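J.: One-letter residues, chain by chain:
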Amino acid sequence: MEREERELLDRTLARVTAEHSGPGLDAALDALGWSAALATDPATAVALLFEHQGRAGATSGALDDVLADALGVPTGALVLPDLGQWDPPGRAEAGRVDVAGLATCRLQERDTALVPTRGPSGMEVVELKTSELQLRGVDGIDPGLGLTVVTGGAVLGGSTAVDADRWAMSVRRGRMATGHELVGLSAAMLELARSHALDREQFGRPIASFQAVRHRLADTFVAVESARSLLLAGWEDGSEVTAAMAKAVAGRVARTAMRHCQQVLAGIGFTTEHPLHRYVRRALVLDELFGSSRTLTASLGRDVLAGRQLPPALPL
Amino acid sequence: MELVAFRAALDRWLDDEADALAPAAGAGTLDEHMAQLTKVKRLAFDAGFMRYGWPERVGGLGGSPLLRAYLGEALTSRFLVEPGIYSMTETLAPTMIDYAPEELAAEMMPRLLRGDETWCQGFSEPGTGSNLAALACRARRDGDGWRVTGQKVWTSLAQYAQRCVLLTRTGTPESAHRGITALFVDMDSPGIAVRPIESMHGVAEFCEVFFDDVAVPVGRTLGREGEGWAVAMDLLPFERSTALWHKAAYLQRRLQDLLLAAPDSALDPVQVGETVQLLAAFRARSRSTQHRLHAGERLGPETSVDKVLVAEAEQAVYDLAEAGLAPEVVLGGDPDAARWRSEYLFSRAATIYGGTAEIQRNIIARRLLGLGDDRA
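Heads up: the protein sequence lines correspond to chains F and V, in order. According to numbering that gives the first Met the number 0, the stretch in the first sequence is residues 0 to 315, in order. According to numbering that gives the first Met the number 0, the stretch in the second sequence is residues 0 to 375, in order.
Here chain V stands alone, though its shape is the one from the complex (with noise of 0.2 Å):
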């Protein structure tokens, strides 16, 4: 299906289906978000949408992938899913489809797509934050399986994930990103214990997850032994592509409740004009970055550029908002105002998670500008 043709069925979908869609009224919290969002891509499945832009050997209709471009568009900027953790399915499926056994694949990728399952990505460890390629996590063979022995921290959603796609340490403690081999592991597996981490902004959505001795059978390999690293990188860029384009949506409908929201005289013109400025620049190059994904090209190191720039972007709408709003969100206790609270305290961490501003800024210096090793 072309987009045009798409974006029209879809949209009379989401007209015609408003009611059953619609979140259920309740406090907001991440019990709901994700029982909302269970209930969205259920609907959206089973109505065809949430399947095309997939191949159809993973349960997919096939088509370009600028259909889930405009599919989370169109979900996270109606406020039927929280894009945060809709884009656990863009960041991760890709990566499946690329490097999971084919039976497997097939086997799981519809549960994910349905919402029958929820996946979390096993990167970060307490040890390695930015320096990825240091991780320790160990898993060793033993007959016809792996065990898995460390600690990850920052997974997203592990309380409430199935499956987890795990990058751990199989070579020496020094083979850096060359002992790295990535596994699909089963959450219910004996030995792994989740800890949702308190964050600033009052969600729970981040957790340390603990492996003693896990047992994982090698045919949940992704990729080859060794080749955890090769997985990673493809993954990376789904991280900074097809969500962020989604992020952006969100963020520009937030944008336009705070125009209306805010009291006259509390904005600032400039501020307002620069906020604009950055959220068009930001979806201007995010929306190349879709195209090149139809086009059939392989995203790299470039898309740390639109990472960097959807979290200036999204800092500068929260700014805003702080400003604009500030008594409700410094003193407001309606759930309007806990919304604006907790969203500008999570918009801080947009230059941390993901691979930092910083990380990015490295990336884009030694892949793009060609400025050699930082440590010469």
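Isolated chain F, as found in the complex (with noise of 0.2 Å):
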């Protein structure tokens, strides 16, 4: 994309980001043709918009466009793995489909969901109508972000195969957007320290004056710093194990924001009459999918010990 394209994106990103949130956000991306811009330059377009889109806490289906987009099928609600995982959400055998895993705020607007699914032939996109699974809308600890829990079997009909390597594609992606979704959240956390530790006077004097404040707050940009320079390498080298190190990472640097931040806000960041709370929330939820920091920081720790051998370094 071209410099002037990508900051014209960048600009409408965050006025629609700003305004819009659940379906009204994926009314404005068609309308603005983000779809678009998702298949011609991916990295550009899932990093702008989840920046902006955790920025604004706002929530839209955009990652199931990611997901189909790497799967190579039609976008449509999407079920992605359970919470945690990064298996695919489906498991076909015997005729059958049994499904087990999340849903974007999308789900609930549409009456067909696409599944994939890992069957005895390989992997597959299904499509079932929603009244043939069992959903639960989740209010759970972000009410705000609309997830749907999908459970249930059905009769297999009608499929698209697609190539295994097509789903370890769409968990890259995946990981790739909820880790920029997850630096735009500390960023907006930071933000909101930081314009606090300002404002704020005590003793006489900005809060923000005052070295254990202003230590948290810089240990927390030093944090997303680091997210956002992984995330740039796991487009530039498009690796799946960059991929998963930089959702840990960013999924570990939302946990160091919201501690700092939570504590540079002290009393007025604990009430839901600021908006931190909700940052907080989504960061939690959003740290599970893919894959946890946790899990996923252990699991590369297993892999390199079992071949004692380091990922690629990124080259200069």
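In short, the hints are calculated from the structure, not lab data. Quick caveat: nothing in here was measured; it's all calculated off a predicted structure. Misleading hints may appear alongside valid ones.
To be verified - Here are the in silico distance ranges between beta carbons for each label pair:
id, chain 1, residue 1, chain 2, residue 2, range
1, F, G306, V, E31, 31 to 41 Å
2, V, A7, F, L7, 37 to 47 Å
3, V, G371, F, P22, 41 to 51 Å
4, F, T270, V, A337, 34 to 44 Å
5, F, G143, V, T355, 38 to 48 Å
6, V, F78, F, V137, 47 to 57 Å
7, F, R109, V, A7, 47 to 57 Å
8, V, P216, F, R307, 49 to 59 Å
9, F, I140, V, E197, 48 to 58 Å
10, F, Q133, V, A7, 55 to 65 Å
11, V, G371, F, K128, 55 to 65 Å
12, V, H176, F, S194, 26 to 36 Å
Each residue gets a CB set at the ideal place from its N, CA and C atoms; glycine is no exception.
Since each chain comes alone in its own frame, lean on the hints to assemble the complex.
T.: The following block contains the structure:
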């Protein structure tokens, strides 16, 4: 994408994520042609949208588009892997498909779901009527996210076969997207804490002048920058291992941001009158999607130890 | 020359000349490391590689700073040079090029690049560790020159150095950052005494340097009188950029060594995973810093982020080594064990030297987060 085009997309996405959330944001993204940007330049489209979505605390079904694009099927409402998992949510056997996964807010608006499914003959994307499945709207820790828990089984009907490596690519892209959203959330928390520290006075001076406060914010800044750099590297080298590291680091960074920013915002940040809690809730859910920072870090460590070999280093 | 071509040519040369470049067998003393550094710089200079990425007017062959980043990466990860002592070139040369009188830079720079000379950096003083602007080493004008009296400390490699980039107080004692002047001093000048400091990791690389009425010609002023703070602010981002990329390459190699050396089950998978991620995140950050230099951008306070991250990564790598190789680190008597032990101990200083982790956070808070003054 050319620089001017990228800057225009950046500004537009900043605006629509600030103005809309949920199905309204899906409609706005449709109108501005985000899917076309995703198809031609996924790195730019995903990085920009998901960081803005995180910053704004907005939600959408764009993650479905990212996975559908990676799977090479027409987009719709997708079923994502179950919490903390990265296996396909569908499992096909003897003419039936069993489903256990999560869906974005988009599924609430649709009567069919696309279920990435692993079966005896390989990967396929199965289209199921939502009436054939059990859906449970999630309130949980982040009611604003509009997640649905999808379970149940159905007779295998129409499906599209996809290459096995398409699923690996979907997971990679899903991790990149949620990683960018976690960075957006962390940046938003940092900005909330920063402006509070400058405004709030104690002992006759802004609390931003106290080193204990400044260093928490500086640590958060460093953490956010490190996650952002690794995500950029993930797009550049296109490897699964870098994407998994970037997602893990972004998840850990979000927890760092939560801890420091909550402490700096102190009392007001613990109330629902202040927006911090929405970012905290969102970060806790997103860290779990496609594998949490904890599981991805342990899994990386086990792989590295098993082969006694580091993943390839990012070249200059 | 472009990076791809440079990389291919350099890798081939390093393979072809492996025997000539290899360190002599030894105990790994600082003297040996310095002799090896001199040898490698000379060979790399004569083959041209050490000259790329530096301007032609100072003996370079031009080209992108990325070429220097790759050269240092290749040399440190092949264990041909020790990254700490190699870093002085990357730290001091860019500022010398920016601030030295043109003829002086043209005369001196090739000596540094070819390994004929070692230079040191006289910044810290006993009374001014983190508070650099309070430095007291005095330079007063005396006819055609300066007379310098005072003391520096933590001056790396001063015992080997032929020259020193020295910050001096030329204004009133209260003039803070406004009254500082940078000088380029010959270390064999009468009145200079150097005392190496025995450090915890067993290498006396840091020194105390004493100046007793040392004469320095006025033509050795870097920048103008009173412009020393600008010189220091120009230099510090270089101390926190390309040299750190080289350091990361070395750490990557040592982490790989550790994976091969550690007994089964000695390493905790979560700690391994986190260390690999920290190093990867630092490399990703540093890579974009190298590409900003390539694009001609001027580096500034954002390099404090690089510095915080590399220190975290370095300590994580050696924390892991100490955990996985505890018997070697604690009891081992062979050279491999001694090296892990020394490097582990040296890594404790990663959050202290080159501006403490606290000073980096102060810079980030004030300059990057706009949190205002911390003494409101």
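J.: Hint by hint, say whether it matches the structure.
T.: Status of each hint after checking the structure:
In this structure, G306 of chain F and E31 of chain V meet the distance hint of 31 to 41 Å, their C-beta atoms being roughly 34 Å apart. A hinted range of 37 to 47 Å for the beta carbons of A7 of chain V and L7 of chain F is consistent with their spacing of about 39 Å. Checked against the hint of 41 to 51 Å, the pair G371 of chain V and P22 of chain F passes, with Cβ atoms roughly 42 Å apart. Restraint check, T270 of chain F to A337 of chain V: a C-beta distance of roughly 57 Å breaks the suggested window 34 to 44 Å.
Between G143 of chain F and T355 of chain V the beta carbons are some 42 Å apart, a value that agrees with the proposed interval 38 to 48 Å. Taking 47 to 57 Å as the suggested C-beta distance range, the pair F78 of chain V and V137 of chain F conforms, at roughly 54 Å. For the hinted restraint 47 to 57 Å between R109 of chain F and A7 of chain V, the CB-CB distance of approximately 53 Å keeps it satisfied. Checked against the hint of 49 to 59 Å, the C-beta distance between P216 of chain V and R307 of chain F comes to roughly 57 Å, which is consistent with it.
Roughly 55 Å separates the CB atoms of I140 of chain F and E197 of chain V, a value that falls within the hinted 48 to 58 Å. Our hint of 55 to 65 Å for Q133 of chain F and A7 of chain V holds, since their Cβ atoms are close to 59 Å apart. With their beta carbons about 59 Å apart, G371 of chain V and K128 of chain F fall inside the hinted range of 55 to 65 Å. Separated by about 29 Å at the C-beta atoms, H176 of chain V and S194 of chain F satisfy the suggested range of 26 to 36 Å.
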